[in-house]
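> Now for the letters of each chain:
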Amino acid sequence: MSITASAEGAGRVRRPLGLMPTAVLLLGALYCLLPVAWVLMAASKTRGELFSTNAFAPGTGLLENLSDLSAYRDGIFWQWMANTALYAGVGAVLSTAVSVLAGYALAKFRFFGQNLIFNVLIGGILVPSVVLAVPQYLLLAKAGLADTYWAVLLPSILHPYSIYLARIYAAAAIPDALLEAGRIDGASEGRLLRVVAVPLMGPGMVTIFLFQFVAIWNNFLLPFIMLADDHRFPLTVGLYTLLVTGANQPALYNLVITGALLSIIPLIALFLTMQRYWRTDLSGGSVKS
Amino acid sequence: MRTKRLRTVLTALLVGALAAGCSSTPDEAAPQETGPVDLTFWTWAPNMDKIAAVWNAEHPDIHVTVSKQAGGDEAAAKFLTAAKAGNAPDLVQAEYQMLPSFVAAEAVADIKAEVSAAKAQFSDGIWGLVTLGTDGVYGLPQDSGPMMLYYRTDLFTKYGIAVPKTWDEYAAAARAVHAKDKTVYLGGFSSKDPGWFAGLAQQAGGQWWSIQGESWKVGIDEGPTRKVADFWGGLAAEGVVDTQAPWTPEWNAALNNGKVLSWASAVWAPGVLSSNAPDGKGKWAIAPLPQWSAGESYSGFWGGSSIAVAAGSKHRAAAAQFATWLNTDTKALDLLIKEAAVYPAAKGGQALLTTAPDYFANQPDFWAQATAISSSARGFTFGPNVNVAYSAYKDAFDKAVQQKSSFGAALTAVQEATVADMKKSGFTLVS
Amino acid sequence: MTKANRGARASRAGATPYLYLAPAVVLFTLFVAAPIGYTAYLSLRRVKFSGLGLGKKSRTEIFVGLDNYRAALADGEFWDGWVRVLGYAAMVLTLMLGLALLFALLLDSARVRLPRFSRIAIFLPYAVPGVVATLLWGFLYPPSMSPIHAGLHAVGVDGVDLLSPSTIVFSMVNVAVWGGTGFNMLVLYTQLRAVPRDYYEAARIDGAGELAIALRIKVPMLAPALVLTTVFSIIATMQVFTEPTTLRSISNSVSSTWSPLMNVYGDAFVTGDLYSASATSLVIALIALVPSLGFLRLVRRRAFGEER
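If you're matching them up, the sequences are chains A, B and C in order.
The first sequence begins at 101 in this note's numbering and counts up by one.
The second sequence begins at 46 in this note's numbering and counts up by one.
The third sequence begins at 4 in this note's numbering and counts up by one.
Simulated from the structure, these hints should not be mistaken for laboratory data.
Bear in mind that the values here come from a model prediction, so they are computed numbers and not experimental data.
Every residue, glycine too, gets a C-beta built ideally from N, C-alpha and C.
Treat the hints with care, since some could be wrong.
Unchecked claim - Each pair of labels, with its calculated beta carbon distance range:
hint	chain 1	residue 1	chain 2	residue 2	range
1	B	420	A	148	32 to 38 Å
2	B	95	A	375	41 to 47 Å
3	A	148	C	82	43 to 49 Å
4	A	140	C	154	15 to 21 Å
As the list claims (entries may be wrong) - Here are some chain B residues the structure puts well away from chain C; computed CB gaps all over 12 Å:
hint	residue
5	94
6	147
7	164
8	224
9	269
10	325
11	341
12	342
13	384
14	408
15	439
Stated by the list, open to error - Below, simulated DSS-like cross-link-like pairs (lysine-lysine); rule was C-alpha separation at most 25 Å, straight line:
hint	chain 1	residue 1	chain 2	residue 2
16	C	60	B	468
17	C	60	B	129
18	B	262	C	51
19	C	51	B	210
20	C	51	A	242
21	C	60	B	203
22	B	359	C	60
23	B	164	C	51
24	B	469	C	51
25	C	60	B	262
26	C	60	B	227
27	B	210	C	60
28	C	59	B	129
29	B	129	C	51
Next up, chain A with everything else stripped away, as it sits in the complex (with noise of 0.2 Å):
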């Protein structure tokens, strides 16, 4: 809470203290960045290197140790990276489609039932991701489909958080003006919603996107529980493995945290080439379109 107090103490005395929000910012940067400069460092060191120097400090296993995750099971490393892939990038497409179409409708049109539904799809979140997860997986079953890659996409494709934030995004960036018109020039819903409702949501899109990618990505128990077979495993239930190799076997933490540096690494990139999308001016876009 003192950080509060001194960033707001920043703002009222403007001049002297200009490089205090930055200097928060930065320090907010620093203790978000440690971690995953650990990661960064123990993925360069040997074993030996890992439990005897400093966390800090770089070693010099770095290359061994990415060629021996790449060897390991015959390079099922990437199978795994690729997968991951596709469990995150088709179900983020999807669910980012599903939530924006829901999103645009609850927050632009009356119609009955509405409250209703969108209290119940929000609801949803109330109940822990670990108690969906075996009965999804009992049914999944009874229909064949556990073990099956769609076994992981389709219960990852809703997401009642990316609803309300698409509702959200829709109320504020979508003017009823526009609609209104629209309509009175006999420009069909379709149109509308193509012309008009996903351009205009479209920062939006890529921050629901993003974050349906990242859940996916990251998500562990819901691959862990469908999928038994590793060749679809994503790296979450993949590196797991890796570390928790059964009683009598060690854990293979330099090819753990290879691994889990190299899957975060997408991830990076991603934010990276998608921060422009989010630099968008939502009311300069309105008035083009």
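Dock chains B and C against chain A, hints included.
Frame of chain A, contents of chains B and C only:
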């Protein structure tokens, strides 16, 4: 228009998915044992797929597909859930302590008819772990974990202590070492490893579960185990044994840099040591566990697993045939040792072990010692709710270690939790 | 919005909103409602053994009514868990949302340098999977190898055990705040970016400073998003599971029933008792509903009055 397309796509996806699901169901009704048989096998042993490939090459009629699993507590729950959903694999690796709960859940098959010929390959103690003391046979033993004392030869010399022959000597040595250097311990007590504690209880003659007629008897909080608990409780209260959580980087570091001089562990420890304490190579040696009375020679088991056939398997005979081959055939045992780094349960497999592990190059008779120790391990019966007892152990002993309170009271808590759970589930108990 | 134009739009909406909602509703039915229904069904049942429980037909699944619920509610550890979680939740909510709001406002103010770097950096922990976080804190908390302890030592503080019974909760809070601040910051920040800039221009012309704009214009604008993040954070902290489970593997101070959801996990994934797990999880969902609804009710009019 866009919505329409989206909707169509989504509908198609769902319908397609469900259709795919339905169309895959009829396969299960395939007639038994005609034509090549496909078996799935859940295991966490490394390189099992390579071993299965050898089998597949020699047996074109029975094809085994390996699914590599994570080990740990969740592995058992995952199999039980799959069995409940009718989705279990044909073959599953099952830790010995989990086998009774698999049997109770009717998730694994009695394969006595198919495998009884293999009995002679295993010691009675090990075979008891797959019969559970009943008439049935619920799996084939794969590996075992006879317990022994691993110690640092160089540091034992440095601190001037001899290899303890009895637990009394162990206690004296623990005090001596810690008195010389407050940061160093002779060994540790693990509140996170119920399997370790169960192994020590076995050595002392404890029987946590036993069958009397048609009833279970729970004897966790009884003489032999009490003795073990009080012994470690005393050392922990004095602060002369390390009680930190094991299997953490901190613990690995202590093993690696000589802050811990010995480890009462099982035959699979060389893998752990070479991976997590690489600096100690050539400095460790093994000896039998300290004994409760001088002149005795007993050990217990920590870990080990069997290969069971799922009750839902459509190919029980073929699966049993593979399990038997895997765990008794000389070629398979050789592969298990070399590829999966397994200490085989079969006597024939133990005879194949001649070259000491690289990490123990200083102790050429490593396997001879291990085999001798293995034959001194006492038998044990696991009950149908080992997970409840083990979970209670972690909670009770975590707390006892943390609060430096009585280990005996913790043991009583484990016994009570185990009995209460069995009563709730309807098992008949000896009153 | 007024009643009148609601009515006007409703009459024109027709089937369109239902079509747009159909995918979400279908997915909800298949993957949320049906599993919950199944959970409710399981929660009323239990497996009963007879004799040794090892022979054939010694195991039956029976209907036990509300027995599983009674057992869950009668378990003292379950309620102790709630007490621990309440303290934990209070700390996490204040720190995490406070920092998220602060960072979002700072990022949105014009005079900050390196905003992109800070934004990505603060969001980064969100990209670290729980499995990796477990490893990470396993290396960072224990004393002998930890840079945290080295840092404390450098400023003259020694002998702090981050994993002892009295400090463990702060270690958990740290993991949660570290992992969750970035996500909430991004939600708030995205909302701020959706506010037309000319709102602020008018205020600036009137001579308002950045702080005044932040407090009097931005924070109220953020109200819906703040409500959203608060409610979801309340629900998430009530379901806290990852952090204690993570630290349990490296510390003796966390029991297997530290938080209520750990009971569920233990029943479902360690002891294989799906029936108790089902009952306990429904109880948790209901309990988590109370503060969430309470909070929503408290702020609803204020927050959603400003939504459009």
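> Out of the numbered hints, which ones does the structure contradict?
When the structure is compared with the hints, numbers 6, 15, 19, 21, 23, 26, 27 turn out to be violated.
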